[in-house]
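Colleague: So the chains spell out like this:
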Amino acid sequence: MKFFEIVGSAMPSLLQGLLKTLEITAVSLVFATMIGLLLCMMQLSNSKVLGVIARIYVDCMRGLPVMVLSFFIYFGVAQALSIRISSDVASVMTLALNAGAYLSEIFRGGIQAVNIGQMEAARSLGLPYGRAMRKVILPQAIRIVIPSMVNQFIITLKDTSILSIIGMVELTQSGKLIIARNFKSFEIWLTVGVIYIVVITILSRVSRMIERRMAVGNR
Amino acid sequence: MATVKVEAKNLQKSFGMLDVLQGIDLEVTEGEVVCMIGPSGSGKSTFLRCLNRLEEPTGGQVIVDGFDIMDKKSDINKIRENIGMVFQQFNLFPHLSVTENIMMAPVDRKKMDKAAAAQKAQQLLKKVGLSDKADAYPAQLSGGQQQRVAIARALAMEPDIMLFDEPTSALDPEMVGEVLAVMQQLAKDGMTMIVVTHEMGFAREVSDRVVFMDGGVVVEVGTPEEIFGHPREQRTIDFLNKVL
Ligand SMILES: Nc1ncnc2c1ncn2[C@@H]1O[C@H](COP(=O)(O)OP(=O)(O)O)[C@@H](O)[C@H]1O
Ligand SMILES: [Mg+2]
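First to last, the protein sequences are chains A and B. FYI, the working numbering numbers position 189 of the first sequence as 189, with every residue one higher than the one before it. Adding 219 to a residue's 1-based position in the second sequence gives its number in the working numbering.
FYI, nobody ran anything at the bench for these hints, they're computed from the structure. Note that the structure is a prediction, hence the values are computed from the model and not measured. Among the hints, a few may not be true.
Unchecked claim - Simulated restraints, written as ranges between beta carbons of each label pair:
(1) A/129 x B/457: 40 to 48 Å
(2) A/48 x B/235: 13 to 21 Å
(3) A/138 x B/244: 24 to 32 Å
(4) B/291 x A/215: 39 to 47 Å
(5) A/158 x B/286: 55 to 63 Å
(6) B/341 x A/116: 27 to 35 Å
Think of the CB as a built atom: it goes at the ideal place given N, C-alpha and C, for glycine as much as any other residue.
Go ahead and model the full structure; you've got the sequences and the hints to work with.
Modeller: In structure tokens:
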């Protein structure tokens with residue numbers, strides 16, 4: 001009985017935190033997808049310079065722990081430019097820059113996984129490169145890419161918890177704050193954990209539904 | 220004098236150190252059916268792919284309908300609309316239905332409206348004997364059916380010229396005939412065709428001229444009668460002895 005009282009009284013704050021987690025994740029992923037597409041186009045372009053820049057960027061993001069990147073932006077960049085960056089903005093920047101690199105690799109892999117003959121067939125019909133991409137390659141690449149994309153989305157959602165370190169009050173930080181008041185570590189961390197699991201499981205189920213819907217007629 | 224539709228002049232192509240085409244000259248006139256035969260690796264596909272610039276020639280000239288395809292002023296996409304290609308592996312678009320495969324290019328390039336394009340697709344499917352497969356997806360078709368759809372798809376742009384790169388080589392033997400029949404009908408209708416093939420029967424019966432390639436050069440050109448009846452070159456004789 002005690003357990004449910006504790007969890008019940010913590011719930012409003014936790015849900016508030018969850019909302020923040022979802023918001024930050026969603027906004028970050030919108031930017032990350034744009035960054036990913038841009039990097040992917042740079043890597044597939046004929047320009048060697050653009051390709052090298054994109055690759056260096058991806059290597060940097062791969063090599064950098066999310067926590068270090070968030071410190072660098074929140075404290076480092078803020079200090080260097082003598083500005084104050086809010087923890088929300090720093091969080092979105094961190095996650096978008098990080099996930100953008102991984103997404104670009106996922107996109108590139110997806111496009112390259114489409115048989116080269118598809119591009120040749122489209123071009124032989126007179127479609128310019130961009131139209132062939134748009135009408136023939138991307139629709140196939142998207143199907144290939146969805147599972148890895150959702151996987152990256154989930155990783156980013158979980159990475160938001162790291163950003164509690166720069167003071168963002170998302171789900172994990174909300175838990176920490178509640179425990180600081182009531183000292184009920186077991187009950188609160190259990191609840192926080194369950195909330196993450198439930199949300200992420202729902203996300204994966206929805207994505208699998210989309211996948212199945214899109215697969216109709218294909219193969 | 221018939222119009223020249225495709226002309227290769229001293230066409231060369233190298234992949235790095237490998238000289239795959241070592242100066243090919245060939246003229247194909249309107250309505251002509253030219254079959255290209257030769258051992259595997261002799262450069263037949265590369266030659267065909269240079270004609271619509273799927274490969275960039277490294278030397279010489281290709282002139283299609285009077286346009287130098289390498290000229291900066293020629294619009295390669297426009298030229299390709301007039302020169303259809305059929306591939307060994309069909310390369311149908313798996314995410315589109317048969318009708319959508321056929322409609323895609325005319326709608327996208329010629330701004331044909333969808334209803335008209337769908338109707339056209341239906342006509343073409345009738346022509347290749349697949350009226351009942353309009354709504355099927357490529358994966359639901361046999362190889363022979365897929366290749367006939369691929370032919371219909373290329374024809375939808377109303378090209379004057381058709382290139383075929385071993386269109387029956389990926390097919391089970393019992394499906395070769397249905398594809399060759401469609402091609403034979405196309406030849407009869409007056410299409411200008413360049414066909415890379417191992418089907419010697421087809422080459423003998425349907426083509427106006429046969430080109431024998433080996434080692435990146437044209438070894439011998441002649442009527443089917445000449446090439447199959449009295450080949451002049453030893454390399455041609457050796458090749459024909461092996462395949463016939
Ligand atoms: N993209 C490529 N890169 C390197 N070598 C190639 C490429 N395409 C073809 N070749 C080589 O060119 C030669 C001719 O190939 P191809 O034109 O396919 O011959 P064919 O169609 O007569 O069998 C082969 O030795 C092949 O390995
Ligand atoms: Mg070949």
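Colleague: Hint by hint, say whether it matches the structure.
Modeller: Status of each hint after checking the structure:
no.	hint	result
1	A/129 x B/457: 40 to 48 Å	43 Å, holds
2	A/48 x B/235: 13 to 21 Å	18 Å, holds
3	A/138 x B/244: 24 to 32 Å	40 Å, violated
4	B/291 x A/215: 39 to 47 Å	43 Å, holds
5	A/158 x B/286: 55 to 63 Å	57 Å, holds
6	B/341 x A/116: 27 to 35 Å	30 Å, holds
Consistency with the previously given hints fails for number 3 only.
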